[in-house]
Amino acid sequence: MQLLTKWGIVILSILLGLSGLTYYMWFAEIFGDFFLFSWHIDYDILLLIFIIIHVGVGFKFYLTRKRIKHWGYDISIGLLILSLTITVISINYPPILGPNVVTIGNTRYSYDSAEVNTTRPDLFQNESFSVFDILVHLNSIGEINLTYHFNLSLNTHVIDSLNGEQDWWYYVFYDGGYPNEPNVHRMDHYPWKPGTTIKIYHENPVYIDEIYSSFEEEVIRLASNNGTIIIPTVTINGSSFNVEFYNISITPHNIRNDTLQNDVITALDVIMTLGDLGNITYELKWIKSFSRARYVYSYFVNEINSDEAVGRCGWLYEVGDADFIYPGPNYIFLAADERILTSPENLRFFWDCL
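Under the numbering used here, the first residue of the sequence shown is numbered 41, with each subsequent residue one higher.
Hints were generated in silico from the structure; no laboratory data involved. Every value quoted in this text rests on a predicted model; they were computed, and no experiment measured them. Where is the CB? At the ideal position from N, CA and C, for every residue including glycine. Each hint should be verified, as a subset may be incorrect.
What the hints assert, rightly or not - Straight line, CA to CA, 20 Å or less: simulated EDC-like cross-link-like pairs of lysine to aspartate or glutamate:
1. Lys325 - Glu348
2. Lys239 - Glu284
3. Lys239 - Asp215
What the hints assert, rightly or not - Taking CB as the label site, the calculated pair distances span:
4. Thr273 - Cys393: 45 to 55 Å
5. Val95 - Ser331: 38 to 48 Å
6. Gly98 - Tyr64: 46 to 56 Å
7. Asp392 - Gly204: 38 to 48 Å
8. Gly318 - Gln206: 48 to 58 Å
9. Gly217 - Lys109: 18 to 28 Å
10. Thr291 - Lys325: 13 to 23 Å
11. Thr125 - Pro245: 36 to 46 Å
12. Asp392 - Thr143: 45 to 55 Å
13. Asp392 - Ile51: 48 to 58 Å
14. Thr275 - Leu192: 47 to 57 Å
15. Asn265 - Asn294: 39 to 49 Å
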């Protein structure tokens, strides 16, 4: 048994190291199809299990050599191996999607997503809704005290008071995402999906005013272009090329009309529009889940021109006001096909390795 576990440890250690090397583009381009990074966690779990069994069996052999024999020791070793194995699996594999909860300040509130309706039927299809709509729902059932209004000059709902207090902003991350990720996206534009974590927190009012100013600039830009989204600067920084386009008029492609209303324009429409114009070639990929993110269900840009995503390297993007450019809050882990646009100052797709 120890001979088997020993060779298992050696082989899995090599595989673990090789799958980790997919962070480096040169390695991913050559071996990415053979050592997928998505297997990294699986190798890690198997390696730890083999180590646990190897040590447990080794300890049993040690007791045997010392002529220490008792059924209690055998059971204890077996239970210890089993419990450590279960612990390793439970830690490395994400838990099942839990109940829907939003945290406001230090208080957690549960909600039934089936009961939430959208306040933006101009943006969302029936049964789809935004993060803001959850607050409206909690207010309607008496869980919280929310006053708000729709500000036409910002194209969004504004929270006037929440549980008697002002100056609220929010964090959102999807299943497998990054906690407390700063964002400057309209709350009633941010789509909810299963596994969404929401935290409403107090923010500096000066910072909130800066966000609202950027919203107002977008609405003014949209009006000056007669309701057409024209992005002043669109940049693509690939691994092998860099291009920049100016004053691109974006057209809707309705690729996500399962969630969004027809003619709602998203960040992904920018890439598709550039493709329509013949400025680039591109390829999209539908992803249901990835690594620790069990619920993704979005299209991602897999290739632009000759630069194709491989291993841990691929296409990311940022969009919004120049005051919040990467690594600022324009860059969030919200898929481009669900990132609703009003009329941003710039958009950039860029190549990076995570």
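Checking each numbered hint in turn, tell me which of them this model violates, lowest number first. 2, 4, 5, 6, 9, 11, 12, 13, 14 and 15
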